[in-house]
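**Q** Here is what each chain is made of, one letter per residue.
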Amino acid sequence: SQELEQSPQSLIVQEGKNLTINCTSSKTLYGLYWYKQKYGEGLIFLMMLQKGGEEKSHEKITAKLDEKKQQSSLHITASQPSHAGIYLCGAAGGSNYKLTFGKGTLLTVNP
Amino acid sequence: DVKVTQSSRYLVKRTGEKVFLECVQDMDHENMFWYRQDPGLGLRLIYFSYDVKMKEKGDIPEGYSVSREKKERFSLILESASTNQTSMYLCASTSDSGGLSGNTIYFGEGSWLTVV
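Sequences listed follow chains A and B, in order. Here our numbering is used: the first residue of the first sequence is 19, the next is one more, and so on. Here our numbering is used: the first residue of the second sequence is -5, the next is one more, and so on.
Treat each hint with caution, since some may be false.
Said to hold, decoys possible - Here are some, though not all, of the chain A residues that point toward chain B, as calculated from beta-carbon distances under 7 Å: (1) Tyr57; (2) Glu59; (3) Gly60; (4) Leu61; (5) Phe119; (6) Lys121.
Claimed, not checked - With beta-carbon atoms standing in for the labels, derived distance ranges: (7) B:Thr98 - A:Ser100: 17 to 23 Å; (8) A:Ser19 - B:Glu66: 43 to 49 Å; (9) A:Glu33 - B:Thr98: 39 to 45 Å; (10) A:Gln68 - B:Gly10: 41 to 47 Å; (11) B:Ser89 - A:Ser19: 21 to 27 Å; (12) A:Glu21 - B:Thr77: 40 to 46 Å; (13) A:Ile30 - B:Arg8: 38 to 44 Å; (14) B:Thr108 - A:Asn40: 32 to 38 Å; (15) A:Lys35 - B:Asp45: 43 to 49 Å; (16) B:Gly10 - A:Lys86: 48 to 54 Å; (17) B:Lys65 - A:Pro26: 36 to 42 Å.
It is worth saying that the hints were derived from the structure and are not from the lab. Beta carbons are placed, not taken as given, at the ideal position from N, Cα and C, and that holds for glycine.
Hey, can you work out the whole structure from these sequences and the hints?
**A** Okay, structure coming up:
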């Protein structure tokens, strides 16, 4: 079965700093999702990547999928307290329906 | 706006009780999912359904069952709740073949279940 490893597990940054979260898969990624979660709440969809080398941006968040389609990174530029939360990567492997998730990265942004 | 609604945000149930968690989506999605989320373990798939009355086991189906009588509604059932089922439960839905076709998977707000 597919496994996703996220790093770091947690991250504390000063407001205004840039940061990167990584997601590494044990198998080829057919679709890689990034979600954000506030503690105790549901997941908010950020971006979805499918093609090797693909890069997408939304406001100050950029996500990339490497050429080999086994690793993705999420980069936040000039972080703000509103970026704080848990970031989760999820991947569809060989099955259409089953989505596997990483354990998440807890981001704290200090003002 | 897209909506996946979970009927109960917070529940407290006794050991041995039968528990129903309801999820409704208004997007006419074929696929619906139930996950549980636990500290250190992340999200784990319990069951999913790809059509009305169709269901498949996920990674941790033991102690759970599901019902999908109508396309918009997917229910998770704990036949006899136990304390190790205390968790955050998340429902999700997507159209067609979610991951491979690039369709967004939408999540509900989550249901916190405590079994005492």
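**Q** All hints, please: hold or fail.
**A** Here is what the structure says about each hint:
1. Against a cut-off of 7 Å between C-beta atoms, the interface hint on Tyr57 (chain A) is violated, since the closest Cβ of chain B lies about 10 Å away.
2. Given the 7 Å rule on beta carbons, the hint for Glu59 (chain A) holds: about 6 Å separates it from the nearest Cβ of chain B.
3. Checking Gly60 (chain A) against chain B: minimum C-beta separation of about 4 Å stays under 7 Å; hint holds.
4. With a least beta-carbon distance of about 4 Å to chain B, the hint placing Leu61 (chain A) at the interface is held under the 7 Å criterion.
5. The beta carbon of Phe119 (chain A) comes within 4 Å of a beta carbon in chain B, closer than 7 Å, and the hint placing it at the interface holds.
6. For Lys121 (chain A), the suggested interface contact is upheld, since its CB lies about 4 Å from the closest CB of chain B, less than 7 Å.
7. Judged by the Cβ atoms, the range 17 to 23 Å given for Thr98 (chain B) and Ser100 (chain A) holds: they are separated by roughly 21 Å.
8. Separation of Ser19 (chain A) from Glu66 (chain B) is about 30 Å and departs from the stated range, judged on CB atoms against 43 to 49 Å.
9. In this structure the supplied range 39 to 45 Å is violated for Glu33 (chain A) paired with Thr98 (chain B), their Cβ-Cβ distance being about 30 Å.
10. For the hinted restraint 41 to 47 Å between Gln68 (chain A) and Gly10 (chain B), the CB-CB distance of approximately 45 Å keeps it satisfied.
11. Restraint check, Ser89 (chain B) to Ser19 (chain A): a C-beta distance of roughly 24 Å satisfies the suggested window 21 to 27 Å.
12. At about 28 Å, the CB distance of Glu21 (chain A) to Thr77 (chain B) disagrees with the hint of 40 to 46 Å.
13. In this structure the supplied range 38 to 44 Å holds for Ile30 (chain A) paired with Arg8 (chain B), their Cβ-Cβ distance being about 40 Å.
14. For the hinted restraint 32 to 38 Å between Thr108 (chain B) and Asn40 (chain A), the CB-CB distance of approximately 34 Å keeps it satisfied.
15. As the Cβ distance of Lys35 (chain A) to Asp45 (chain B) is approximately 47 Å, the hint placing it in 43 to 49 Å holds.
16. Judged by the Cβ atoms, the range 48 to 54 Å given for Gly10 (chain B) and Lys86 (chain A) holds: they are separated by roughly 50 Å.
17. At about 41 Å, the CB distance of Lys65 (chain B) to Pro26 (chain A) agrees with the hint of 36 to 42 Å.
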